[in-house]
Amino acid sequence: MTARQNRMILIGLVVTGVTVSAFLALQAFEENLLFFFSPAQVAAGEAPTDRTFRLGGMVLEDSINREIGSLTLNFIVTDYTASIPVSYTGVLPDLFAENQGVVARGTLDNQGGFIAEEILAKHDENYMPPEVAEALALSEGSQTP
Amino acid sequence: MIPEIGQFALILALGLAFIQAIIPLLGAMWSREDLTAIARPAATGQFVFVMAAFVVLCHAFLNDDFSVLYVATNSNSALPTPYKIAAVWGAHEGSLLLWILILSTWTLAVTVGSRSLPHEFAARVLGVLGIVSVGMLLFTLLTSNPFERFFPAALEGNDLNPLLQDPGLVMHPPILYAGYVGLAVPFAFAIAALLTGKLSQDWARWTRPWTTASWMFLTVGIALGSWWAYYELGWGGWWFWDPVENASFMPWLAGTALIHSLAVTERRGIFKSWTLLLAIAAFSLSLLGTFLVRSGILVSVHAFASDPERGLFILLLLGAITGGSLTLYAFRARYLTVEGGFRLVSRESFLLMNNILLVVATAAVLFGTLYPLFLDALGMGKISVGPPYFNAVFLIPMLPLAVLVGMGMHTTWLRMSGEPLRKRLLFPAGIALMIGIIFPLIIFGQASALTLVGVVTALWVIASSLLEPAKRLFQKNRSPMPLTRGQWGMYLAHMGVGVFILGATVTSSYNIETDSRAVPGDRWQVGEYELYFRDIRRIEGVNYEATEGEFEVWEGDQLVTILRPQKRVYRVQTSPMTEAAIDVGWGRDLFIALGDPLGDGAWSLRVQIKPLIRFIWLGALIMAFGGLLAIMDPRYRVKRTQEKDAISKQSLETA
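Chains as they are written, first to last, in the numbering used here: chain S, 1 to 145; chain Z, 146 to 800.
Worth flagging that the hints you see were computed from the coordinates, not collected in a lab.
Everything numeric in this text was worked out from a predicted model, so none of it was measured.
What you were told as hints is all true, and nothing was included just to trick you.
Covered by chain S, according to a simulated footprint, are these stretches of chain Z (three or more residues, beta-carbon under 8 Å):
#1 523 to 536
#2 651 to 663
#3 721 to 727
#4 749 to 762
All C-beta atoms, glycine included, are put in the ideal place defined by N, C-alpha and C.
Turn these sequences into a full structure, and let the hints steer you where they fit.
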């Protein structure tokens, strides 16, 4: 093989490799995008029913309800415009509490409830997830025009 | 009064940084030795003043000087002394001061290590480091002064974030920063080469130990962070693809690529402009990491600042440094001459593939990290990218890379025919296939295809790395040439990669994770262990109160260990904290974390069994140790002293 042929093979391999990996990467990216919705958006039907997304808001006071004898927990996430019932089975993060901001990753069931696979809460007592803060600000704005 | 001395020292350091940034570069341009000679004293003086400022801040922490705002917000008189020191870099302002201290320490090291380099070149390197230092010092003084007073002084401090009160966190930031900031040195070498317009193979030899040294620190720093997240964040994961983790991982990937392309540039005088581009990219990614972590646009334990002014400043700094160096690159890189090409089967082409795959992985991680931020900044919705994306885009280029690593180590420069390579690699390949397929099936009873691929690849890399060292150790009479320290370093670092892959594959494939509900007195089975929930009680710590569970772990009728996980509430910052209890072992970790009380005396618990998880960090440590050996290769020092001799002889003759 001449040096030129060698180089062409090498370039060909590289271009193919990069194209294939870029394609696979974009596909993985598309599949793993998680959108964020507030309770108001979910209530308005903006959230997808067939894929995982993140729901964020405040945990409504007196709404945390444990099912006796299991690890399942029901609570309500609200942005004070709309409220969505959430159910979660598992160990909770340290800072999950009433009147605290929370972000849950999961899917909608067919009764308008949200089944959470994961609950995220931040390690700081004064912390508010920015998505939640923004959603609350929007919701406040719409109530006091 | 003392804190003001600290601030004054910082201002003096800024003045010296300006001198270090401007005068040596002008001197090099005009070939004026009287001007370039200023570089070293200016850099040394800057180090002294930055160190003084840092010591003053430590002093304020140790003496509980709550009239300093930063101390009042991040410390408390009841905080144990080691954590008072750690609190110095526990939040934004202090960690920035640490960044600057480490930069000036590296600069000081360069002033010492560059004595044998051409005078003008060394002056340019120090000048570029001075520019970086000016930027960071201005950032500190204008937006994040750690010495700001608080009047009237607080009676008591707000305490250090309980998450950071941990031995791992005392070491993690300084070591990680040493790596991050150390990449400024190869960057400065690259810019100096562009300014000179010449890039010799010597240049690559000068740059290599600095690059490897900072890479080594970065490796250990990232491993420490991962280890800390594993036991302290409470839930037993070791890597989350959190944007903050990615911020430290991208410079590591680019730095790894840089180490390999420097090897080609040194030995063969090719890949020159590519090497320069990687050096610029690696440091830019470090700065990007600093921006992501410090600007407050990311939310995590690391995001201290949420002042938009700070974010803007550091974004401008990033733009100026990266934009400026890329512009310089665009104008000057084409003047670099390349000597010769290379063949398909040669070490050069394996290293080229290494670089391409690493850059592809870096780009994929960068894309996944920045895309959500762009969308958010443009007001187009809030999204996040899940770990499965990163797992996929990372595995796709890294799997072939691992396979190629095993071959590339045994190739020679210039060209070689495939036959001897195949012969040599048959043995490690056979071993890896045999053990890699049989063992997971025997030990764990089942294995997915991906698991087998991972284990075989890991063993392949390990076996191939050990091939040459084993020959030297066991057949002393027939061994051709002793290995240099650089080669030992390379084999060892690659073996570390294999050990890491083995740990990561086995842990993620055979990890047992259960969430359960238990009351004291319960017995239940997890994996091959039986757990007995003996008791739960309240205990008092130094600056916290805790609920502590006590669990007996039995294997058959043998008591393995007693684990005591805690749920802590710190007295000042009253947020609850999970302290997992871990029984550490080479074969597996047994991990118990206490969840919440469920009523009726029941608790939620997370129990995990993580086989071979220690190999993940062990692998990283082996990689770093390989780097250390490579730096100690006499090649980097002997030639320097020879050069020095040559220079001093020359100067004697001219005198």
